[in-house]
Amino acid sequence: MKLFLLFLCSGFLLILLQTTLFHLLPLGPIVPDLTLVLCVYWALYRPTVSAALGSFILGYSLDVFSSPLLGVNTFAMSMVFFTAYLSSRYIWAHFFPNLLLGAAVVFIASWVKVGALVVVWSLFMPTKGLWAGAVKYVFLEALFAAVLAPGLFFLLERAQSHLEKGGKHFVAHAPADI
Amino acid sequence: MIAFIRQHQIWMTSVFCLLVSLYILSAASTGRLQADPFGPLLLSSMRPLQRGLQSIVVTVRGIKDRYRALNQVRMENQSLKGRIMEVEARIEELLEAEATSSRLRELLDLKDRVPGRSVTAAVIGNSASTWFRSLTINKGDKDGVRSGMAVISSMGIVGQIVAVASRSAKVLLITDHSSGVDVISQRSRARGIVSGSLDNGTVMRYVKRGEDIEEGDRLITSGLDGIFPKGLLVGTVGKVRKEIYGHFLHVPVTLAFNPSRIEEVIVASASVDSLDH
Chain A
129 MKLFLLFLCS
139 GFLLILLQTT
149 LFHLLPLGPI
159 VPDLTLVLCV
169 YWALYRPTVS
179 AALGSFILGY
189 SLDVFSSPLL
199 GVNTFAMSMV
209 FFTAYLSSRY
219 IWAHFFPNLL
229 LGAAVVFIAS
239 WVKVGALVVV
249 WSLFMPTKGL
259 WAGAVKYVFL
269 EALFAAVLAP
279 GLFFLLERAQ
289 SHLEKGGKHF
299 VAHAPADI
Chain B
22 MIAFIRQHQI
32 WMTSVFCLLV
42 SLYILSAAST
52 GRLQADPFGP
62 LLLSSMRPLQ
72 RGLQSIVVTV
82 RGIKDRYRAL
92 NQVRMENQSL
102 KGRIMEVEAR
112 IEELLEAEAT
122 SSRLRELLDL
132 KDRVPGRSVT
142 AAVIGNSAST
152 WFRSLTINKG
162 DKDGVRSGMA
172 VISSMGIVGQ
182 IVAVASRSAK
192 VLLITDHSSG
202 VDVISQRSRA
212 RGIVSGSLDN
222 GTVMRYVKRG
232 EDIEEGDRLI
242 TSGLDGIFPK
252 GLLVGTVGKV
262 RKEIYGHFLH
272 VPVTLAFNPS
282 RIEEVIVASA
292 SVDSLDH
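Chains A and B, in that order, give the protein sequences.
Numbers in the numbering used here are just positions in the first sequence, counted from 1, shifted up by 128.
Numbers in the numbering used here are just positions in the second sequence, counted from 1, shifted up by 21.
Bound conformation, chain B alone (with noise of 0.2 Å):
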């Protein structure tokens, strides 16, 4: 007997303990068990324990909820970011709007001064080579733009058309090394014909040792060449040199303004008036 419950006393225990638990169980379901011993006492004595692990774990979710909160900062301040980025964005294009209403608004001043038929034209493409300096716009030979037109803006002269296609027109720029426009000085009226160069910028070619030009004179179309009306400003006149031979001085201009950058033109009839300037 001793012998059978030695060999079996691991299996017989567990069943003993099912039992006891079933019995457990049946008592505290049907509330029979009314105090349990040893319950208080097990959670008296791992409270201490309990309560510094707790801690651990309330420090931990305190991080992580504080971190949690930071990302959220973070992602809500990438998100503002993102906002004030297309705000800017907005603004930019309101200052743009603003300054090509402005531009387009001069344009329009100068068209109705200009006399005979104009036609208002965006530029839609520069030069694509080094050695010219050339624009194309957007009007051609069906809005009347014709060879030989003027092309001015409102800050002065721009170029004149040199080839038409139906839709598009080539304009090439006064700073190229071929263009030539007829021009006085505002001051003693001393004539010329500015045109760029490749090496020298944009000068006055062709003004007689003699004539009473000075730095800073400011020069104008004369409208004798047929093709640009005449007082449109071009640009002023830069430090003078007289050469040690030559019938002319080197008169280099500085132009009132870029006619590269230039965004908006107006192409002029070539049978024009004077302007009033």
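With the rest of the complex left out, here is chain A (with noise of 0.2 Å):
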């Protein structure tokens, strides 16, 4: 619970950082979604209830924060828990229990994040150029997120052994319980 309340903290840490000082940024309208590599993090090396429980909290979190219509950010980063846990279990990651291939899942779960993102839009407020929007930044997103992931990926392992005073290395999918 006290890892599950660490997480979620961190989320709104990085919602706030995503809000604020990500914007100085030399990237144009590109923000880096931590949030997201948070919810990766979750789904290949912390997959629990509580976990999936998280992701929604943070997709809910940023549809307060930055979307119009809530439930937006919610779906996608739900979508992007369970696609990310999915794969995780059942391709790769016992056998590449690597910070690398993290920034590679996040990478592409920045594209399904926002084609999630881009059909929940289009059947519940169609927009003119949404698609050639997406078109056009999804690329770069993914990109930073996938580049600034591995670092992430490290604070997060460390704040947990830190936390669970075991000062155990970093352990690939190894679910723990709620």
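The hints are simulated quantities; they were obtained by calculation from the structure and are not laboratory data.
Treat the numbers as computed from the prediction; the structure is a model and nothing was measured.
In this text, a Cβ means the ideal position worked out from N, Cα and C, and glycines have one as well.
It cannot be assumed that every hint is accurate.
Label-pair restraints from in silico Cβ distances [as the list claims (entries may be wrong)]:
{"no.": "1", "chain 1": "B", "residue 1": "Arg27", "chain 2": "A", "residue 2": "Leu291", "range": "21 to 31 Å"}
{"no.": "2", "chain 1": "A", "residue 1": "Phe282", "chain 2": "B", "residue 2": "Lys85", "range": "21 to 31 Å"}
{"no.": "3", "chain 1": "B", "residue 1": "Asp86", "chain 2": "A", "residue 2": "Leu291", "range": "15 to 25 Å"}
{"no.": "4", "chain 1": "B", "residue 1": "Met33", "chain 2": "A", "residue 2": "Leu283", "range": "23 to 33 Å"}
{"no.": "5", "chain 1": "A", "residue 1": "Gly243", "chain 2": "B", "residue 2": "Gln75", "range": "25 to 35 Å"}
Two independent chains are provided; combine them into the complex using the hints.
Below, the structure written as structure tokens:
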């Protein structure tokens, strides 16, 4: 539970950073999506029920802070967690437990998130030029998220180690109880 | 059943979350979700932190803007400095043009006063050797320049033509040790030959010990050498020294100007009369 709260607080901190300091970066309209990185971390290395709920809460918080339509980011983040979790279970996470693999998953997850956003947006609030805008920014956003992912993974792993007081090294796909 | 739920609790939770989010979306898009219970709470709780971070953003942006403005001012400053340099160069050009114009006017005036045939020329080269003092001018045989002609300027005499090409000529300067100009003292009419020397500068040679010559006397061409018109200023007498032995005085001469610095000259024919000086 402590771990869940720590990660949730980290998520809120990341949202704060995304809404403030990250706008200082010279990336134009693109804001690195670190909450997505956190969701992927949860899905890959801490897949629990609370992690799934945490992704939902983070998405909801993103909606509260930045989306005109409640539920868009909630759906997208839940989708990201779900797909990353399923992929990690059935494809590669057992075989390539490292940070770079995590970065690759983040890159793909970013596309999944944008895809989910565009689909639900098109369904519930159709807007002209949505696909074109998504195509324009999705690659760079995914790239930035993937570049930042190893660093954030490392920090989360350290925080987790400190909290558990075990000082254990990075362990991939070690499901923890709620 | 419970075992099944336990085994698949994560993806079931995920699917549940997806369904709930779709419901929220649907409710929000159709306006059925009138009041969001958590949103305002979340916004309020995050507000102080967000304000704090935003103030950092504003400060950093302000610094960036000021830096950018400073950079712009610096660039503008550089550009203006460049323009000032251009304008100064232009002023220099104009001053130079004015000085040239003045010199040419004086030369023209002198040319009018020089009797007989004369050619105006510009200096295109200086001596290439330490041991000789000469100039090259841009007029030659085709312009009527002949060997032995006098080369003068508005300030005094320069030298004489010693070699002529078709479009240029070489001038042996009065400061060369092998040159010689017949001069007289304007005050006492004492006579001598002014020539250059390698060791003592320009001197007036062959002035007898008894001649009346003093420091500061102005020396002018006598016209007796058949080369230079009479009455042209050559220079002034320096401190006269009487040697213990010998028939002649040592008379140093300070030339009216440095002939190696001249830029325009007049080449005058040898058959000349005296000038009004």
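Status of the hints after comparison with the structure:
Between Arg27 (chain B) and Leu291 (chain A) the CB atoms are about 25 Å apart, so this pair conforms to the stated range of 21 to 31 Å. The beta-carbon spacing between Phe282 (chain A) and Lys85 (chain B), approximately 30 Å, falls within the hinted interval of 21 to 31 Å. Checked against the hint of 15 to 25 Å, the C-beta distance between Asp86 (chain B) and Leu291 (chain A) comes to roughly 41 Å, which is inconsistent with it. For the pair Met33 (chain B) and Leu283 (chain A), the supplied restraint of 23 to 33 Å holds, since their beta-carbon distance comes to about 30 Å.
Range check, Gly243 (chain A) to Gln75 (chain B): Cβ separation about 31 Å, and the 25 to 35 Å hint holds.
The structure fails to meet hint 3 from the earlier list, while all remaining hints are met.
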